[in-house]
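Peer 1: Put together the whole structure using the sequences plus the hints.
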Amino acid sequence: MSDAEAAEELNDPFAKLLLRQGQFPTTLEEIIAALERATEESDPLRRRMSFIVGEGSQIPFNEARDVHRGLRLVVTFGRDNEIDVMVSTDASGLTNDFLQVIGWDDQKRVFHYYERLQEGWIWAGNSSHALDPRSRGQGPFDSHINGSLVLKELKLPWNHWKSFAASMDADVFSDGDPMRTDPLFIDSSGAEVLEERVVRPGVRRWTDSRFDSTVTSEEVKQADTLLRQLFETTTINLVSSATESRTLRANSKLELPPSFFLNVDELVNGPLDLAGPPDLSVSGEDYLAVLDEFDVALVDGQFRQKGDTHFAFLVPERSVEDIDVVRKCVETGLLSKRFVACALMVDFSNPVFSERRASLSRFAPESFTRDSPLEEAVARAIVADAESAPQGSAEREFAELWGLGEGWRAEAERRLHGYYDALSTRLKTRDGVRDVFRLAEARRTKAFGLDISERRPLLFATSTLRGSELFEMTPTATIQPAATT
Amino acid sequence: MATQFSAPAHLKDLSAEGRRAWSEQLSNVMDQAIEGSGNPADSPRPQFFNPAKASIAADHVEKGIFWTASPRKLLFVTSVVRRRWEIADGSRERQDEYCEWAVQRDEHGKVTRVTFTCEVPEYFELLAKDNKKRLLELYRDFASPQVQPEDLFDSNGEYAPKNRWNNKTAVGPVHLTQRNNNLGAAIELAAAATIIRKINGRILTSEQELIRCSQYGDPDRNSDPHIGAQVNLLARSKADITLADPPGLYINDFTPAGFKTPDGTDARSFWNITRGEPGRGLRGVFEVPSGKGYAVGDITIGGAHIEFGAQVADFVSIRLVGLACRLGKSTVEPKTGCV
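Taken in sequence, the protein lines are chains Y and L. The first sequence begins at 1 in this note's numbering and counts up one residue at a time. The second sequence begins at 1 in this note's numbering and counts up one residue at a time.
Certain hints may be false.
[As the list claims (entries may be wrong)] Under the rule of at most 27 Å between Cα atoms (straight-line distance), these lysine-lysine pairs were calculated in the DSS-like manner:
hint : chain 1 : residue 1 : chain 2 : residue 2
1    : L       : Lys335    : Y       : Lys306
2    : L       : Lys238    : L       : Lys329
3    : L       : Lys198    : L       : Lys63
4    : L       : Lys110    : L       : Lys329
5    : L       : Lys238    : L       : Lys53
6    : L       : Lys260    : L       : Lys53
7    : L       : Lys198    : Y       : Lys253
8    : Y       : Lys16     : Y       : Lys108
9    : L       : Lys53     : L       : Lys129
10   : L       : Lys129    : L       : Lys12
11   : L       : Lys335    : L       : Lys198
12   : Y       : Lys337    : L       : Lys110
13   : Y       : Lys253    : Y       : Lys108
14   : L       : Lys260    : Y       : Lys337
15   : L       : Lys260    : Y       : Lys108
16   : L       : Lys260    : L       : Lys63
17   : L       : Lys53     : Y       : Lys428
18   : L       : Lys198    : Y       : Lys306
19   : L       : Lys73     : L       : Lys12
20   : L       : Lys12     : L       : Lys132
21   : Y       : Lys328    : L       : Lys73
22   : Y       : Lys221    : Y       : Lys306
23   : L       : Lys162    : L       : Lys132
24   : L       : Lys260    : L       : Lys292
25   : Y       : Lys108    : Y       : Lys428
26   : L       : Lys53     : Y       : Lys253
27   : L       : Lys12     : L       : Lys63
28   : L       : Lys168    : L       : Lys73
29   : L       : Lys329    : L       : Lys53
30   : L       : Lys63     : Y       : Lys221
31   : L       : Lys260    : Y       : Lys328
32   : L       : Lys162    : L       : Lys198
Just so you know, the hints here were simulated from the structure itself, not pulled from any lab data.
Peer 2: Now the structure itself:
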């Protein structure tokens, strides 16, 4: 890339202040120092926060020396809610074995992705490339699927991260590791800060930018990329119970995350405001018995620790990236609550990895002239297809609810209540808990196969069920092999 | 050199005698916390020390411990976020993270102001004895100009912390009232958390294992397990532990991420610490200045209008500061059983 091209293309602070000035730091410390040299004391880039994560972050080094703990450090630079530079690197020994930078470009309003390789820094693309079919899923967009910031474990208790729900002891590092006393570790903030100040605002920043550049009063460009995030599981977040596995006892109960059972963030807590689920806890006795039955353990090579992840029942949930795009669609009037509800109520008991719901993506136009509402056109196409579609198809399910007009809400709630009643009954039984665990393992298997998992061995606990076929939850709270379209 | 405890955030409400009494009261609380309940599994707590009676060594380090003001226990009550906000706003008893708030609304029910406090009741109890005039001034300032002296005392003439001006979520708040929100509880927790637990040959380190073993608080809160784990982390460095002066619970920060104001003004500018000192906020107010033409209820967070104080509480963090010294010198052995 020539200097002129770089000046045109790369205007995030990392490129503008360092790379384009001929400064090519090779370590995190050099990046910190270079940014300090390049900025005045009052510059927001001087505001720095660090965070630490590791799938093996609760296993002291001396208890298991050969475990791949995956300890990584994230350092952010910028204003509280508008972080402009984010650096990721390995934490153990601060060896800078990998060094990645994300920078926000205020001109193009995209995140740029950089990585330091042996030959030097490479620019791997910007957020918009994540949506371009030619580069989708490539390079950094294998995990930044939609071009946004990513924090997989985005909600309390932020499994694997240091947070106010989980301290991280220095003894996770080897005795001589400089990180033990490094301020980047000692003074690191909790994941609650990363969630609230960095990632959620970052996701919204890119969503807003996307809409500004693709949705006008005359036209909706890339309508298919927006609707894809309504119908499909483009990526995932991970969520767990708030209970440390080691504290679960037979006489206690385990509150399972509601988003495992339905898309609670959009159907209930989002714009749709539908009735919420009841208590979704299971007895500790049943859960522990199921862990035993399926030989659940954290395993990495020779290392084996019986039981679940630090916080129990870590499972994939609908991603904040997908949710934020839908929020914006409703907020801007591109989609009505009715349309969103009709889409999300298709196979609603499977909030992630629903092939049936995803099949509706084929009705999304690539671009759309706004002389009539986008959703009318899409709904018309689905309803037309529904006539010849088999019973139980996504088209039929959508069309039935859509056909009720404003009666969609009452019918959606009727279905949800039926599901809630069935769940309440099933979760009280050992069989029900076994099925839930089986379904969770199937979803974990699927999630582990995604690039976002980075195939880190301690991301999930493993079991004799790992690798099993994908199951789906039915509205009667039983499981069955997942339907494929 | 022994220390006299300062009033929270070095407040100046107390007379010289009152300040001495405050220090003495805290010293007694610390002594009791060091002694413990008498249960050998939990007493005494030799790694906790009273800086009014034992010196702080030169190698001392302070450690801020932070958590979110939003009550975590409500996560276990309902998964409907709006319902959680309603419950939290409905009763001060539900606001159990050492931070309580009240919400003022206009005649249409729109939120106009959310006021947070983390002032401890013990301070007001002492102020009621030391300086009734100042107590009344504070009440009239924080709750209503209509407060009368008799409103604040019971029939025996004792100060009533949960009086009619400080027991609701629509007035005040003046100071903490929730049954576990007090400095004594925080000191007891910190002292109990200095006990290192070695169970079946393994040192306990995690938030929930420690609190369940040591029984020093509520495992479902944000605050108690985290305070305990962080204090225990200091204790495991073989240090002596206490709370940094002035001991107290403080508002750490307000970070309005995702707040969108109608005119684009940074929502942080609507937040003011109205009592305390820099770095040690005791009272925070979120309110749009008159003249802006809109109110707190017109601000959105992630697209949703602010209808509850609890929505704002999600972005307020609270802090307690621990102090460790004589690092690496403690010879106290871990206890091998739980409480």
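Peer 1: The structure should be examined with respect to each hint, and the outcome stated for every one.
Peer 2: Hints, one by one, checked against the model:
1. L/Lys335 to Y/Lys306: This hinted pair holds, its Cα atoms lying about 25 Å apart.
2. L/Lys238 to L/Lys329: holds, 6 Å
3. L/Lys198 to L/Lys63: holds, 24 Å
4. L/Lys110 to L/Lys329: violated, 57 Å
5. L/Lys238 to L/Lys53: Distance of about 20 Å is within 27 Å: holds.
6. L/Lys260 to L/Lys53: violated, 51 Å
7. L/Lys198 to Y/Lys253: holds, 25 Å
8. Y/Lys16 to Y/Lys108: holds, 13 Å
9. L/Lys53 to L/Lys129: holds, 25 Å
10. L/Lys129 to L/Lys12: Holds, because 15 Å separates the two Cα atoms, which is no more than 27 Å.
11. L/Lys335 to L/Lys198: Holds, at roughly 6 Å.
12. Y/Lys337 to L/Lys110: Holds - the C-alpha atoms of L/Lys110 and Y/Lys337 are around 24 Å apart, at most 27 Å.
13. Y/Lys253 to Y/Lys108: violated, 50 Å
14. L/Lys260 to Y/Lys337: holds, 22 Å
15. L/Lys260 to Y/Lys108: Cα-Cα ~22 Å, so holds.
16. L/Lys260 to L/Lys63: violated, 33 Å
17. L/Lys53 to Y/Lys428: violated, 55 Å
18. L/Lys198 to Y/Lys306: Roughly 19 Å between the alpha carbons, so the hint for L/Lys198 and Y/Lys306 holds.
19. L/Lys73 to L/Lys12: Measuring from Cα to Cα gives roughly 35 Å; hence the hint is violated.
20. L/Lys12 to L/Lys132: At roughly 14 Å apart (the allowed maximum being 27 Å), L/Lys132 and L/Lys12 satisfy the hint.
21. Y/Lys328 to L/Lys73: Measuring from Cα to Cα gives roughly 31 Å; hence the hint is violated.
22. Y/Lys221 to Y/Lys306: violated, 51 Å
23. L/Lys162 to L/Lys132: holds, 16 Å
24. L/Lys260 to L/Lys292: Within the cut-off at roughly 14 Å; holds.
25. Y/Lys108 to Y/Lys428: It is violated: about 53 Å lies between the C-alpha atoms, which goes past 27 Å.
26. L/Lys53 to Y/Lys253: violated, 45 Å
27. L/Lys12 to L/Lys63: holds, 25 Å
28. L/Lys168 to L/Lys73: It holds: about 20 Å lies between the C-alpha atoms, which stays within 27 Å.
29. L/Lys329 to L/Lys53: holds, 19 Å
30. L/Lys63 to Y/Lys221: violated, 52 Å
31. L/Lys260 to Y/Lys328: With a Cα-Cα distance of about 14 Å, the restraint between L/Lys260 and Y/Lys328 holds, given a limit of 27 Å.
32. L/Lys162 to L/Lys198: Outside the cut-off at roughly 41 Å; violated.
Consistency note: the structure conflicts with the earlier hints numbered 4, 6, 13, 16, 17, 19, 21, 22, 25, 26, 30 and 32.
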